[in-house]
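Participant: Residues per chain, in single letters:
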Amino acid sequence: MTFSQQKRASYWLLLSPGLLLFSAVIVFPVVFSFSLSFTTWSGYGFPKFMGFANYTKILADPIFQHSLRNNLLIVAISVFGQIPLGFLLAFMLHRRMVKGGEFYQTMIFLPITISPVVVALLWNQIFSASGLITAIVRRIYDDPRYVMTIFENRNLAILPILFVLLWMHTGTYMIIYLANLQKITPSVLEAAQIDGASESQMLGRIILPSMIGTIATTAILAISGSLKAFDLIFAMTGGGPAHFTEVIALYMYTNTFKYYKYGYGSAVSILIVLLAVGLILILQTISRRIERNYE
Amino acid sequence: MTRNVTIWKILSYLIMITFTLLTILPLIWMFLNALKPHALIVRNPLMPPVSFYVLNFVRSWTQGHLGVYFSNSIFYSMVSTLITVFIAMGSGYALSKFSYRSSRVIYMFYTLGLLITVHSVIVPLFIMETKLGMANTRLGVIIPYIAFGLPFQIFLATTYIKGIPDAMQESAIIDGATFLQVFRKIILPVATPIISTMFIYTFLGNWNEFILVQTLTSDISIRSLPVGINSFAGGMSRDYGLQFAALTIGTVPMVIFYLIFRDKIAQGFAAGATKE
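First to last, the protein sequences are chains X and U.
Mapping the first sequence onto the numbering used here, position 191 (from 1) lands on 191, and the numbers just tick up by one.
Mapping the second sequence onto the numbering used here, position 85 (from 1) lands on 380, and the numbers just tick up by one.
No lab work stands behind these hints, which were simulated from the structure alone.
One thing to keep in mind: the hints can contain errors.
Said to hold, decoys possible - Here are the simulated DSS-like cross-link-like pairs (lysine-lysine), alpha carbons at most 27 angstroms apart as the crow flies:
hint : chain 1 : residue 1 : chain 2 : residue 2
1    : U       : Lys304    : X       : Lys183
2    : X       : Lys183    : X       : Lys48
3    : U       : Lys426    : X       : Lys48
4    : X       : Lys99     : U       : Lys304
5    : X       : Lys7      : U       : Lys480
6    : U       : Lys559    : X       : Lys183
7    : U       : Lys304    : X       : Lys7
8    : U       : Lys457    : X       : Lys183
9    : X       : Lys258    : U       : Lys304
10   : X       : Lys99     : U       : Lys559
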C-alpha cells in the first residue's frame, strides 16, 4: 500500500463509524419524517399522500396555537430571563463583588446535574394544590382553606414551568459567560478603573460590547433548547390540565404515540425545526446589526 | 465612586444569596420529607421529620425496581459514552489533520446536526426500530445515544486536535508510523484533557436522558433511572414518602458526581459557546 493510499484508507476508517451512525439515526429519519409529514399514516399499510393538509390542520388547531404561545413564552424567558440573569451573575463573580464566589458559583450551577424528571417531580410537590406553597401561604395568612390553584388558570398555568426553567438553566449561562469573561484582558479593565470608570460604565462600555458574539451564540442555544423543552413538562404536567401547559414537542408526542397519527406528528416535528431555524435567522440579523453599531 | 461600589456589592450579595437559597432549600426540603411517612407529609409538608423513617428508601428501592433502573442507567451511560468519545476522537482527528476537501463538507454536516433535536426524529426512529426488531432492546437505546452525542463531541474533538502542532504528527510519519498509529500513540495521549471533558459531559447527558428510553423501550428490565423515577409520579403510587425517597435516590449520586467533576462539566458547557 502506498503512502497516499494508506492515508486515504485511515481517513475513511476513522470517519466511517460516525458517519454511518449519524446517517442512520439522524439524517435518514429527518428525510423520512419530512416525507411522512405530507401523508396520513397510522403505522399499518401504506402512507396516503395528503399534500399540505397536515400542516394546514395543525396551524388551525387551537391546541397547537396555545402550545406555540407557551413555547414562545419559554423562548422569551430563556432569552430575556436566563441570559441577562446569567450574565449579571457572571459579571458579579468575575468582578469579585462577593467573598467566597466559588461557593456561590458551585451552588448556582448545581441544578444542571439533576435529571429534568427529578426536577419536575420536586417542583410539582412545591406548586401542587397540597404542596409547599399552599402550606406556606396557609401558615403566613393563617388561612387553612387556601389552595394553590395556578395550574387551573389557562393563561397562568405555564408560569410555574417558566420559573423552574429559569431555576434549571440560569447557572449554565452564568458558567458560559464566566469562561468568556476570563478572556477579556485584565489590563483593559484595570486601566479603565484607574481612569475613574465606575463598575456600571465598565459593564456597559467594555464588557458588554466584547461579549456580543458570545451572547448571540448563547441565544441560539437558548432558542433551540427552548423549542425542545419536553422532559420537564412531560414529567411535571404532561401538558395538562386541559392542554394549558402544552408545548409543541409534547403536542407532537401525544398525536404520534397516543393517537397513532404518524404523518401528523411528523409534520409537527418539521414545524419545530422550521421555527428554530426561523428564530435563529432573525436573531442573527439582529445581532449582526448590533455588532455593526459598536464597530 | 465608593458608594457606587457599595451598591453593587449589596446587590451582588442579595442576588447570590437568593439564587443559592433557591437552589439548596428545595433539595433540603426534599431530603427531609423523604424521611417522613406519607401521612405526615400530607398533614404538614413544612414540619421537619420527627424520626428517621428509612422505610421509604427501602420500599421505593424495591417496589420501584430502582436497583434494576440504576444498573441499566450505568450500563447505558458507560457503554454509549465510551463509544461516542472514541468515535468522536477518530472523526475529530480525521477532520482536522488530513486536509482533504471532503473534511469541510462533513464537518458542516455534523454542525447542522447540532440543530436537530431528538424530538424531530423520534417518530421515524420508533418506526425504524420497530420494523428492525430493535425497539425494546438495549442496542436500540445505545445506538441513538451515540448518534445524538456525536455532533457536539466531534465539534469539541476537532477544535482541540486542530490545536495540536502538526510537527508532532509529521516527525512520526517520517519515521514510518501509519496514521492509525499516530492516532493511538500521539493524538489520544495528548488529548486526554479534552477526552475527560467529553467523557463527563456525555455521561451526564446520557444519564439524565429520558424521552428515548421512554418511547423506545417498554420492559422494566431494560429501562433507565429517569423513566423509573417518573413512574412514581402518576399511576404507580400516590405515596409522597416513596416519591421523595425516589427523588433523593436520583439526586444524591448526581450531586456527588457534580462536586467531583464540576470543573470538567463547566468546561464542556462553556466550550459549546466559546468563540475562538
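Participant: With reference to the structure, classify each hint as holding or not holding.
Facilitator: The hints, checked one at a time:
no.: 1; hint: U/Lys304 / X/Lys183; verdict: holds, 23 angstroms
no.: 2; hint: X/Lys183 / X/Lys48; verdict: violated, 56 angstroms
no.: 3; hint: U/Lys426 / X/Lys48; verdict: holds, 19 angstroms
no.: 4; hint: X/Lys99 / U/Lys304; verdict: holds, 10 angstroms
no.: 5; hint: X/Lys7 / U/Lys480; verdict: holds, 16 angstroms
no.: 6; hint: U/Lys559 / X/Lys183; verdict: holds, 18 angstroms
no.: 7; hint: U/Lys304 / X/Lys7; verdict: violated, 59 angstroms
no.: 8; hint: U/Lys457 / X/Lys183; verdict: holds, 20 angstroms
no.: 9; hint: X/Lys258 / U/Lys304; verdict: violated, 53 angstroms
no.: 10; hint: X/Lys99 / U/Lys559; verdict: holds, 23 angstroms
Violated hints, in rising order: 2, 7 and 9; the structure is consistent with all others.
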